[in-house]
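The lines below spell out each chain.
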Amino acid sequence: MTTLGIPIPKRPIHPTGVWDWLTTIDHKKIGVLYGVTAFFLFLTGGVEALWMRVQLMGPEADFVTPEVYNQLFTMHATTMIFLGVMPMGAAFFNFLIPLQIGARDVAFPRLNAFSYWTFLAGALILKFSWFMGGAPNAGWFGYAPITGIEYNPGNGIDFWILSLQVLGIASLAAALNFIVTIINMRAPGMSLMRMPLFTWMSFVTAFLLILAFPVITVALIELMFDRFYGTNFFVTSAGANPLLWQHLFWVFGHPEVYILILPAMGIVSEILPTFSKKPLFGYPVIVLSGVVIGFMGWMVWAHHMFTVGLGPVANSVFAVTTMAIAIPTGVKIFSWIGTMWGGSISFKTPMMFAIGFIALFIIGGLSGVMHSSAASDAQQQDTYFIVAHIHYVLFGGAIFAIFGGIYYWFPKMTGKFLGEKLGQLNFWLMFIGMNVTFFPMHFLGLDGMPRRVYTYSEGMGWDYWNLVATVGSVVLALGVLVFLHNFFKTLISGEEAPGDPWDGRTLEWSIPSPPPHYNFVQIPTVSDIDDWWHRKREDDSSLAPVAGSSEDEHDIHLPDPSYWPLVTAVGLFIGAYGLLYTLNIGTFTGFPLFAIVGGSITLVGITAWSLEPVNEPDSDH
Amino acid sequence: MAQAELAHGGHEEHQTTTGLSHKKLLMWAFLGSDCMFFGSLIATYLVYKNRSLGGPLPEDVFDILTTSTSTFVLLMSSMSMVLAYSALTRGNMNGFRIWLLSTCIMGATFLGFQVFEFNEFVNHEVHFECSHLEDLTKFERTFADRCDGTVDEVFIEHAGLTPRTNLFGTTFFVLTGFHGGHVTLGVIWLLAMFFYSLRKGGITPAKHEEVDLAALYWHFVDIVWIIIFTVIYLFGVFPGF
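Here the protein sequences line up with chains B and P, keeping their order.
Per the working numbering, the very first residue in the first sequence carries number 4; after that it's consecutive.
Per the working numbering, the very first residue in the second sequence carries number 35; after that it's consecutive.
Each hint should be verified, as a subset may be incorrect.
Cut-off 25 Å, straight-line C-alpha distance, at most; resulting in silico cross-link-like pairs (BS3-like, lysine-lysine) [said to hold, decoys possible]:
| no. | chain 1 | residue 1 | chain 2 | residue 2 |
| --- | --- | --- | --- | --- |
| 1 | B | Lys492 | B | Lys281 |
| 2 | B | Lys13 | P | Lys57 |
| 3 | P | Lys241 | B | Lys32 |
| 4 | P | Lys234 | B | Lys13 |
| 5 | B | Lys32 | B | Lys130 |
| 6 | P | Lys58 | P | Lys241 |
| 7 | P | Lys172 | B | Lys13 |
| 8 | B | Lys130 | B | Lys280 |
| 9 | P | Lys172 | P | Lys57 |
Cβ-to-Cβ under 7 Å is the rule here; a few derived chain P residues that face chain B [claimed, not checked]:
| no. | residue |
| --- | --- |
| 10 | His56 |
| 11 | Ser67 |
| 12 | Arg198 |
| 13 | Ile222 |
| 14 | Ala226 |
Don't read these hints as lab results, they were simulated from the structure.
The beta-carbon is built from N, C-alpha and C at its ideal position, and this holds for glycine as well.
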């Protein structure tokens, strides 16, 4: 490719240290960056949660002010959903999808790096709000018009809007990339119905992302224009309908909960067969039910709005569709149980988390079916019953599966086993802590305790279970601390793991741990579901070797690292602040300095990105 | 090793799982996503249709003849885009450049119409003759009670439409503004390709896919405009919708 005479700095060829991480376009390193960043942000969301639990430990506490409490629950949910669970899912997408489909990288490696750095930019914009005049305070759903400038004049909501917009760009870029990668980069013979379940669920998730995020983007644009430029989208005095926001938000928001849970279901569907030594029970049915969940996720959004007065017809329709979504979910659960049935189960830590996932997700699913009934939901709406439900499906569900996934693939990622004893302790502390924290919330909710209250009076009868929940949250936090201890201990002195430590079934186990940067010496030819499992048992010498020798390693050409994804993301970061902050120079007010600087950096980044060559001519790989 | 290069190089057509190039798939997936973007904006417009508390309203400001003209220009630009791509694949570089530049010019013309139209709306005036009180729009009728002898028989009143005026202004300007933004981006993309094609080896028939991607985007933006023109302009003016 010609450079058109425009001088572009050369691609970094063999960067080391920090530069290696800043310029990397290797999907495995990007996966690690995603994972570590998201886990750190997950911890900050956990601290916000603990803070709330301390405040609610007893009646009439004044550990935090009501204003700070509002910010805490908003930040906790926004952090956990957008900065915790979603990017931890993205970490697995990045690391695993190319390995599971037998590819050397994703379709657009630089776009992949860009989506990580943009995610980081969005995360920083949200988290910095604590130090820049106050965090957002209107809930993660940000209902307008309470988020309008009239009722919420501070900058917190602005940071929330800008952060979610930037995170949306990151998610969109990543999802587009994975869709193309999965459709177009499968190894020979890897038909769609031979793909590992995790890749399948990621595939469905990526479609949900590209179709759901534009809707929240439009809602946020409308809110942003109302706040910044005085438009009337959510101004009720101009005739605006406050339900518009709710509809737009939940049309996005319900697919979003499947964006959170489908990758978790994929992880569990990988762990269960491996540790049961049986193929996944009903593979095509699990795939199909995942796809059906993805479709039906679009038909149920108004069950978040049963109490706003949509009328009996709308409420009935959405109640029925919501109940119907329990069918594909139930199919999955029975298939997972069927997978374990009669298997020779080994209760290693990943398996414990996977079984924990099934148990807790069933509880969350059952309470979900309870409030799919509009009449029942009218009693439960905005009470702690819903808080209990959401934590059973997202903590007991998504987070347990993610922890299981970490224990399962950690040997592949690092070449070392996480400690098994500490792992078991980690699991039991989290499992007990989780149930002690969230199960009492069912009782509190049915007793009428509303969500999002900063305190309650003594005579309400809520003291006991709130205290229990707070104690449970401490146990939960201890479980997470044990994980951190295990993590660092393993990095320093962990037991070495071979390429295929669990007798795995999918292609990522056919290569060394940690994988070489080119993943596969020779792209495998796939002839079965669980191809690697069959390969190991067939002992057919005519099959192409997939692991081991690296004799032709030097013939494998991968693109060189690049500066421009990072530069472009930095431009977006500055530019996003530029929408909020303008300069006043003398009589000239509102000079958009940051927007211009950020926009220019983005422009330079994109231009150089599109013009730089794939490889520097003098690079040797 | 060839398979490593297929992931990132420009000549990957024959080595992907589907046979389609990565970029082509990316563009289709992106357009699917963009459908939801415009779908949400159009839905917002429709939810708020006929809910503005005051004027001006579509029947006050829309000039169907002008907008039909700009719509025609935009649709013709799609045709010249097809001709440009066709010329390129046949190796006719001059034909390609001419049709590509025509596409840019027609796209820019459409944008010019849009600027003109926005300007007209912002400076909209109500021309009022107290002796002719028939055929008034709903909004214009709100001025009728002034015809009690206290004002001149004929008066002109500034009644501009901005994004802040009413729900119609808000939803109209944001929807068509984002469409205009998409067209602007398309014009820049096509212009860049035009200048690129002037350099030796910049755009060659072998690299036709680069043009195909821009063309896909361009046709998509045109199709969105057909929907906007029908749903917002035509349904906005003719009674019964």
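Quick rundown of the hints versus the structure:
Restraint check: the Cα-Cα separation between lysine 492 (chain B) and lysine 281 (chain B) comes to about 32 Å, which exceeds 25 Å; the hinted pair is violated. Restraint check for lysine 13 (chain B) and lysine 57 (chain P): the C-alpha separation of about 24 Å stays at or below 25 Å, so the hint holds. Among the hinted pairs, lysine 241 (chain P) with lysine 32 (chain B) is inconsistent with the structure: their alpha-carbon atoms are about 32 Å apart, more than 25 Å. A threshold of 25 Å between alpha carbons decides the hint, and for lysine 234 (chain P) with lysine 13 (chain B) the separation of about 22 Å falls inside it, so the pair holds.
In summary, the hint linking lysine 32 (chain B) to lysine 130 (chain B) is supported, as the alpha carbons are separated by about 24 Å, within the 25 Å threshold. Between lysine 58 (chain P) and lysine 241 (chain P), the direct Cα distance comes to roughly 13 Å. Compliance with the 25 Å bound is thereby established for this hinted pair. A threshold of 25 Å between alpha carbons decides the hint, and for lysine 172 (chain P) with lysine 13 (chain B) the separation of about 64 Å lies outside it, so the pair is violated. Annotation: proposed proximity of lysine 130 (chain B) to lysine 280 (chain B) is violated, straight-line Cα distance about 44 Å (limit 25 Å).
Between lysine 172 (chain P) and lysine 57 (chain P), the direct Cα distance comes to roughly 51 Å. Violation of the 25 Å bound is thereby established for this hinted pair. Below 7 Å, beta-carbon pairs count as interface contacts, and histidine 56 (chain P) has one with chain B at about 4 Å; its hint therefore holds. Taken as an interface hint, serine 67 (chain P) checks out: its beta carbon lies about 4 Å from the nearest beta carbon of chain B, inside 7 Å. Using the Cβ-Cβ criterion of 7 Å, the hint placing arginine 198 (chain P) at the interface with chain B is satisfied: the shortest such distance is roughly 5 Å.
Restraint check, isoleucine 222 (chain P) versus chain B: the minimum CB separation of about 11 Å is more than 7 Å; hint violated. Contact between alanine 226 (chain P) and chain B, as hinted, is not supported at the beta carbon level, the nearest pair being about 9 Å apart and thus beyond 7 Å.
The earlier numbered hints that this structure contradicts are 1, 3, 7, 8, 9, 13 and 14.
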